[in-house]
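Engineer: Letter by letter, the chains look like this.
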Amino acid sequence: MKGILICGEPKEKKITSVSKELITTGKGLSSVLDQSLDFLLIGEKCENAAIEAANLGVDRVLTVQGPGSSDLHPERLVAILAQVCKQNDPMVILLGQTDMGRDVAPRLAAKLGANVCMDCVDLVFDESSKELILTKPVYGGNAMAQWALKNHRQLVVTMRPRSEKPAEPDPSHKGRMESISIEFEETQIRTQLMETTCTEGKGIKLEEAKVIVAGGGGIGGSEGFGLIQELAVVLGAAVGITRVPSDENWMPKSLEIGQTGHMVSPNLYIAVGISGAPQHLSGCSHSKIIVAINKDPEASIFGMADFGIVGDYREVLPALIEKLKALKE
Amino acid sequence: MNIIVCIKQIQDPEIPASKFRLGADGKKVIPPEGIPPVINPYDEQAVELALRIKEKRGGQITILTIGEEGASRAVKHALAMGADEGILLQDLTFEGSDSLATAHILTRAIQKIEEFDLILCGRQAADWDEGLVGSILAENLELPLVTLAESADFIEDRWRVKRVILDGYQIFAAPSPAVLTVSHELGPPRLPSGWGIITASKKEIPVWDAKFIGTEPTQIGADASRKKLIKLFIPQRERKCDKIEGEKPEDATSRLVEKLRTAGVL
Ligand SMILES: Cc1cc2nc3c(=O)[nH]c(=O)nc-3n(C[C@H](O)[C@H](O)[C@H](O)COP(=O)(O)OP(=O)(O)OC[C@H]3O[C@@H](n4cnc5c(N)ncnc54)[C@H](O)[C@@H]3O)c2cc1C
Chain B
1 MKGILICGEP KEKKITSVSK ELITTGKGLS SVLDQSLDFL LIGEKCENAA
51 IEAANLGVDR VLTVQGPGSS DLHPERLVAI LAQVCKQNDP MVILLGQTDM
101 GRDVAPRLAA KLGANVCMDC VDLVFDESSK ELILTKPVYG GNAMAQWALK
151 NHRQLVVTMR PRSEKPAEPD PSHKGRMESI SIEFEETQIR TQLMETTCTE
201 GKGIKLEEAK VIVAGGGGIG GSEGFGLIQE LAVVLGAAVG ITRVPSDENW
251 MPKSLEIGQT GHMVSPNLYI AVGISGAPQH LSGCSHSKII VAINKDPEAS
301 IFGMADFGIV GDYREVLPAL IEKLKALKE
Chain U
1001 MNIIVCIKQI QDPEIPASKF RLGADGKKVI PPEGIPPVIN PYDEQAVELA
1051 LRIKEKRGGQ ITILTIGEEG ASRAVKHALA MGADEGILLQ DLTFEGSDSL
1101 ATAHILTRAI QKIEEFDLIL CGRQAADWDE GLVGSILAEN LELPLVTLAE
1151 SADFIEDRWR VKRVILDGYQ IFAAPSPAVL TVSHELGPPR LPSGWGIITA
1201 SKKEIPVWDA KFIGTEPTQI GADASRKKLI KLFIPQRERK CDKIEGEKPE
1251 DATSRLVEKL RTAGVL
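So the sequences go chain by chain: B and U. When we follow my numbering, the leftmost residue of the first sequence carries the number 1, and every step to the right adds one. When we follow my numbering, the leftmost residue of the second sequence carries the number 1001, and every step to the right adds one.
Where hints are given, some of them may not hold.
Simulated crosslink set (DMTMM-like; lysine to aspartate or glutamate; CA at most 25 Å straight-line) [to be verified]:
(1) U:1240 to B:195
(2) B:20 to B:89
(3) U:1054 to U:1157
(4) B:45 to U:1167
(5) U:1243 to B:89
(6) U:1019 to B:296
(7) U:1243 to B:247
(8) U:1056 to B:208
(9) B:325 to U:1139
(10) B:328 to U:1150
(11) B:288 to U:1245
(12) U:1248 to B:247
(13) U:1203 to U:1025
(14) U:1227 to U:1238
(15) B:11 to U:1167
(16) U:1056 to B:247
(17) U:1202 to U:1014
(18) U:1231 to B:315
(19) B:325 to U:1012
(20) U:1259 to B:208
(21) B:150 to U:1238
(22) B:174 to B:12
(23) B:205 to B:99
(24) B:174 to B:47
(25) U:1259 to B:315
(26) B:111 to U:1130
(27) B:111 to U:1250
(28) B:288 to U:1139
(29) B:130 to U:1216
(30) B:205 to U:1247
(31) U:1228 to U:1238
(32) U:1162 to B:298
(33) B:323 to U:1238
(34) U:1211 to U:1014
(35) B:253 to U:1130
(36) B:328 to U:1250
(37) B:253 to U:1127
(38) B:295 to U:1139
Hints are computed from structural coordinates only; laboratory data are not their basis. Only a predicted model underlies this, so the values are computations on that prediction, with no experimental measurement involved.
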């Protein structure tokens, strides 16, 4: 076994921000372990994305282009990845805890007979014990677990988005580009991907938003989200929700923030009618400034916020919207 | 449609954070006093999906769980919701199994069950939050897998599965038998009915042990675990909150806006 392999994700001719975060983790590991760092991209037309990756300080960028490799069918990805891993025999395989990583990592590990750890926020090599140390949130974010792992078995790890800073361009170290071809039998593919539909609104993407207004169970119904949306418009913010509005169908489920939804870290996160459950906080605790608006002065969200207003959102939000509008003029 | 649902009993994941406790050695979670363990919420939703399919297509639902005697509580809950049979996989050698070992035990148990069309698991267990077992089970059994199912039905000889992705959904078709992991977008599960609770309480739950299902001793239990737990700790999320209380909304929001501008986020 040798080297670290990152499974990157291309998006609109670039690589995703999670992919850049993986490069940061990968670089750290590759330097202490004195191992090479490979970055893999699967898909059609990912030349530009590959160039971007090559400038971020990896040793090699591998691209796999092939028929159908662009539809991101998880079974195809697993089949391709398993081949790449067999050819290169990396000791650590890094993926993001994304739609792709969540799905692909467990199957890949099973196919390779590798060790696997999902949803880590930290992965380092301890030189004194010669062990890899993995840290991962458990119990819905109530706790963190730290595991040690001897380094003699292949390891597949997914990293939670936002657990590292994205890698910056490194002009002194340009990665080599290699395009590889992979053969696998179509009979390995057991399921058929019929359709992929994006339902998320055209507005600002939660992951990219500088400001987010999130509404929770305290909003009480879909009408209440009118005020949330109004505030978001004034702030140029994206709207997010907790599990409660999702379960109650007040808002589209695809807006959920938390452990199993979006992981966000805006400059400003305004939590309205949200109690502060760890499963939700897991997804937004990296925000720069958190504001809580809640009518219960004892709500635990206040303990995790920088600023708070105790009050009914139906009174607080209209006043806040007024103020912000006045400020704009 | 004969459906197997794999479930796990866990500590109630919705206890307030203030009730969450770690042991002094930092290696164990102390179960909260007076709050009984529950069926893992995602597994409960897997049971719900099984029931929805059964209502449409008929068939039999079998619940599988690994655990001690106490774990039959979770099985009884699933039976009370409307599942038909429950099986408890229990053996001293199973204790301390990690996700890979758990998948191995379930694989062997399922190989004992001859006829089935679908295996359902929750997308992850809300204690260790790994999300591995269902996928590895499918690999072990060499069956088609769709993860993060929001809904599923059997239409024209195939499973049609709606899979949740971060900003939308995908539709997969899979031949039978298939393995699905179920996500919370499925919606809240039904409550057990009074009648369900009565029939469930009368049902025997057979126990299958390691010898019966034929697990490999080297692949299960704490010794097979490849990761060594160093410690558990509570993450620091606390911030010092500048809280405005008891002021008129106009005044409170004026001050908030002021502070946010000073902080440079407006
Ligand atoms: C396995 C599992 C995974 C989960 N994953 C997630 C996840 O990824 N994301 C997520 O968000 N949740 C998740 N949850 C749910 C989570 O545990 C909480 O139940 C949920 O986050 C609570 O949402 P809430 O704070 O909006 O609602 P509630 O807990 O109902 O809180 C509502 C708050 O609004 C306040 N309020 C009420 N009325 C008003 C008013 N008029 N004005 C101002 N304030 C008001 C109340 O004081 C209260 O604090 C998960 C749960 C489980 C079991």
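Engineer: Which numbered conditions among the earlier hints are violated in the structure presented, ordered from lowest to highest?
Structural biologist: Violated hints: 1, 5, 7, 8, 9, 10, 12, 13, 14, 17, 18, 19, 21, 27, 28, 29, 30, 31, 32, 33, 34 and 38; rest satisfied.
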